[in-house]
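One line per chain: the protein sequences are A and B, in this order. Letter by letter, the first sequence follows residues 579 to 1357 in our numbering. Letter by letter, the second sequence follows residues 642 to 992 in our numbering.
Because the hints were derived from the structure by calculation, they are not lab data. Computed from a predicted model, the values in this text were never measured in an experiment. Built from N, CA and C at the ideal position, the CB exists for glycine as well. Just to be clear, a hint being listed does not mean it is correct.
Covered, in the sense of this in silico footprint (three residues per stretch, anywhere, with C-beta under 8 Å from a C-beta of chain B), are these stretches of chain A [said to hold, decoys possible]:
#1 583–592
#2 682–694
#3 892–904
#4 1042–1052
The calculated lysine-lysine pairs, modelled on DSS-like cross-linking and capped at a C-alpha distance of 27 Å, are [to be verified]:
#5 A:K602 <-> B:K919
#6 A:K987 <-> A:K1010
#7 A:K602 <-> B:K651
#8 A:K987 <-> B:K886
#9 B:K651 <-> B:K695
#10 A:K1042 <-> B:K919
#11 A:K998 <-> A:K782
#12 A:K1042 <-> A:K998
#13 A:K1184 <-> A:K1042
#14 B:K686 <-> A:K1042
#15 A:K846 <-> A:K964
#16 B:K686 <-> B:K697
#17 B:K686 <-> B:K651
#18 A:K1243 <-> A:K1295
#19 A:K1243 <-> A:K1330
Derived contacts from chain A toward chain B, CB cut-off under 7 Å, selection only [stated by the list, open to error]:
#20 R1103
#21 E1128
#22 R1131
#23 H1157
#24 Q1158
Single-letter residue listing:
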Amino acid sequence: MIASYRWLQRFVPELPDANTLEEKLTQLGWEVVSREEWGTCYEPVELVEIVKRVKHPNADHLSVMTIRRQNGQLTSVVTGAQNGVAGDHVWYAPPGTQLVDGRVMETVNMRGIESPGMLLSSQELGFEAGLQDIWIWDGAQNLGTRFLDVVGGSDTIFELELTPNLAVYGQNMHALAQELAASLSLPWDFRETEFFYDHAPMAKVSDAHDCPIYGITEFWIQPNAVTPLWIQVLLRSIGQRPINPAVDLTNFVLWDMGQPLHAFDADKVNGMIEVRRAWDGEKLTTLDGVERTLSSQDLVIADQTQALALAGVMGGTFAAVSSATVHILLEAAHFDSQHIFQTMRRHQIFSDAALHFGKGTDPHAVLSAPAHYQNLLEKMGLLVEKGGSQLIGTMPVRRHISFNPQGIKQLLGVNWAEDKILEGLERLGFEKEEEDIVIPSNRHDVEGTHDLAEDVARVYGLEKIEPHMFMVSATPGRPSPHVAYHELIRNSMTAAGYWEVITRSFSSVPRLRRAGIELPPDVVRVINPLRDEETLLRPSLLPGMLETVEANRARRDISLSLFELAPVYQRSDQDHTEHQELIVIRTLDERMCYPRPDSPHLLEVKGVMEWMNQKCGMGLSWQQVSSGPEFMHPGRLLVLYGASGSVVGYLGELRPGIAQRYRAKRVGVWFMRIGDDRVVTATPNIRHPLRYPEVVRDLSLIIPQGVSYQDIFERAKQLRSQILQTLTPVDHYHGDFGQSWTFRLVFQSEEKTLTDQEVDQVIQQFLQLVENIGVTIRQ
Amino acid sequence: MDGEQFNEWKDQMTQQAMNAESLTDLQAARHQWLGRRGTITGAMKGLSSLPIEKRKVVGRQLNELREYALDLFKRCEENMELQAETSRLQAETFDMTLPGLWPQTGLLHPVTRTRRLVEDVFLRMGFSLEYGPEIEDEWYNFEALNIPANHPARDMQDSFFIDLPERVLRTHTSPVQIRAMQRYNRALPVRILAPGRVFRRDDDATHVPMFFQVEGLVIDHGISLADLKGTLQTMAHELLGDDIKTRFRPSYFPFTEPSMEMDVTCAACRGEGCRVCKGTGWVEILGSGMVHPQVLRNGGYDPHRVSGFAFGLGIERLAMRIFGIDDLRLLYQNDMEFLSQFQSYTGRPGL
């Protein structure tokens, strides 16, 4: 909403300066989006006298006017205007003046004659002054008077953002002024008169729910009149365009007191006005020139022939008033706000009327607004005669709530006197009646003590409430065990050298396909996505992660070690599940770097998994498989089992063809579900350090095709030796003997220094066991 | 043989040791004094010819001289060896101006770090962490929070709907308020913090369709707006420093009444007024208010007996404020060069 300082000052004459006002508005909850000076463009425009008018020697339709300025200086200006003769006072914009439409005046050569600046029409100044080309000013002002002075000087304009609760009653200068006066403790002036409707049978309302109160009045007015400049100035300053008196006054009343009025050209109305639902398919051309097809969801104002207006939203062109109109029907109504709000959205017509009715108007304004309108017409001398009028519906009773100052004090945490609380409320228009508070008729937002508390806090300012720390028993705050486990995973992955990324929860079929994932049948779809790439909720973290790889590698040849722990989504029957998934990714491309090339190995990804399995007690076991998810390299794939033995994820290399789509040659991936049930329960098993020296033996073994490290390791485990601590591969050869691995066996005892004999005995047993799978010692 | 002679010898051998130019010179000198036929060895042999009284005195002096000689030659030898090693190592110069090899360290996402910072502040104040689903029932996301169907407030937050009836991607963490109240089942006090992912149909420099919020809720007997102000002010000081100023403005949320927003002094201009804060010197940081009586009822609490406050804070906005970032979307591009900057010390040991 746009608010004018000058307009507010009409209600609160002692209004403080604009800075204080802005602070107060903020304190009251009206957000000031911007503030600017209005009228500065009128500063150079001055009143001059035409001293001579001659025809332009080179053009039939142009004239050359000689004008006298304040200092007696004579200037010649070329004009195309039909009016303006010697002796007329007119408005002159010298070069450099910027007009309302943005044009900047210059000296131009018009058919051989230099013309500095321009004599202005009223439209060029932004106003309506009847049918004339240049604006002949009939005021008594001296030559040289600035136009800015006749419009009352400049004004300060605030652009305000209203929260929905303020929009209910605050979209007008009266309400805003009342709040300011209340919070500044200033006197304010708002005289309200009530209109007396008679009982002329002029209209009927088919459903009182849609339109609880409907008032209609007939006026005869002077045609071709001009709205007084002070009203035009106020409308102009808040961005409204003056049109003709009948319309300007409805706009003025709307922004002055928040009640939309609508004027119909009564001579175009056929018979009685009817407030009814539209027929399905009924047509109406609204004032914006659009032909609209209505339905029975729409409420219309109709005559006996056709719909004349979309009720509360926008009038139709057929019965629109013009400057020639002499006979009007003025409608002041109170509509169901929900209904208007929905119509506004359905037809996408965000008119000022709809934005007011849609938030809820003051039912009492059906009485006061027409009175205001009539009063203005009379003052302007435009009212010829008042005709009949009718009010349908009854005023709602004023709402009461019990006054509970204690409750207000408790809710705010203040120790203010009851009188202070009541005074604050009274300044905002609330009244005390016995033990109750009577709610003003425009305050649909107020329901109970908590609402009154808010108003009291707003009027006095939230800064008047002393901050305080609440006191409760000193129990410790608890994190969730599930989430604490997720945090352990994040911390551990970071300790392992991986970077956390956070990607969006959305995906799409092409994005999944690109990562080699077929659309699962249980995917959750977004009905109203923002873009095509975000049409479903991701069933896997892989596409987002690979896209992160791609985005980074598009710019830099960089090796990446990334992880994300985040939900993936799945539907199950009529419901859904969110699972936490962990994805770990590492690019395996060699990268040059001194002193040795950096060449991450797939086993490093596996190593992270093994380490994490221990560190986070994941309870994983794994097995090499030759098939699994289609996007994985079938020759380098582990299936991971959770503690309960079910498959929870995979680890291996991505198919190189897919990796290449994302600008990586080779990518190691580990992904798995982190079960919600998984809260680690483990007893720490910490032993003393072994005090006796270890014995290290390296064994070079010839390994036949098809035997894996796992096979050898399992055999070593079968020994159940108390002294064999580790068995690690340390070297690998290929020779004419086939393939050979060197294993380092480390022996150590808890009880004593080991003898060669004891160690040899275990080695012999081990060699016997592996001999069964064809493994022999290399001589 | 007497003390004077020995002093002369001492000076002589010291001269020799000091002047030796090579290890060979030094060994020759050592041999001359301490060898089998050396001067000191010879003198020791000659002791037996002395009368007993003199033998004692001279013997002691001679022993001292021998100790001195042993130590002298040992020290000089060590010194010489060290010098020899030093010149050998100097020939092995390595260019230490080459860049160092950094450890491969991991990094938490700045949003995670900021979230934990907020959680930590409230955990210290005794709040417990609560969570709710991201695919939320419309009832929890809207109706229970006083946002009925067709309520104009639904206009304020454009929601993502999915192909599951009566479900929505939660538009705020506020539904966790209701879930927590139901879980506490009328027990007091309720003192929870609910961090989580939320979704809104918005995408520009200050809005992303998926972001993180934390919701706070306290319910007990006699909880007031003053308590809310105190709590939020404490939070602001813990998160942004003791010199930060706060400002409270009335606002509107369907699920709180009275409602207010908290502004903090703009980080870019320290409150002077600049482009970032649109000249006001203040930056909005969170929305809050006293829990609406209907919301308390929806959670099973009696608004006549208890009251509560709630607040909601955007993690990204806070991260932007803490790290000085001007575009929210940068946080979700996961650009390593951008993220790598968060490895540096932020000026806060706790972050």
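Problem set entry | Hint numbers not upheld by this structure, sorted from lowest to highest | Hints 1, 2, 3, 7, 11, 13, 14, 18, 19, 21, 22, 23, 24 are the ones this structure does not satisfy, whereas the remaining hints hold.
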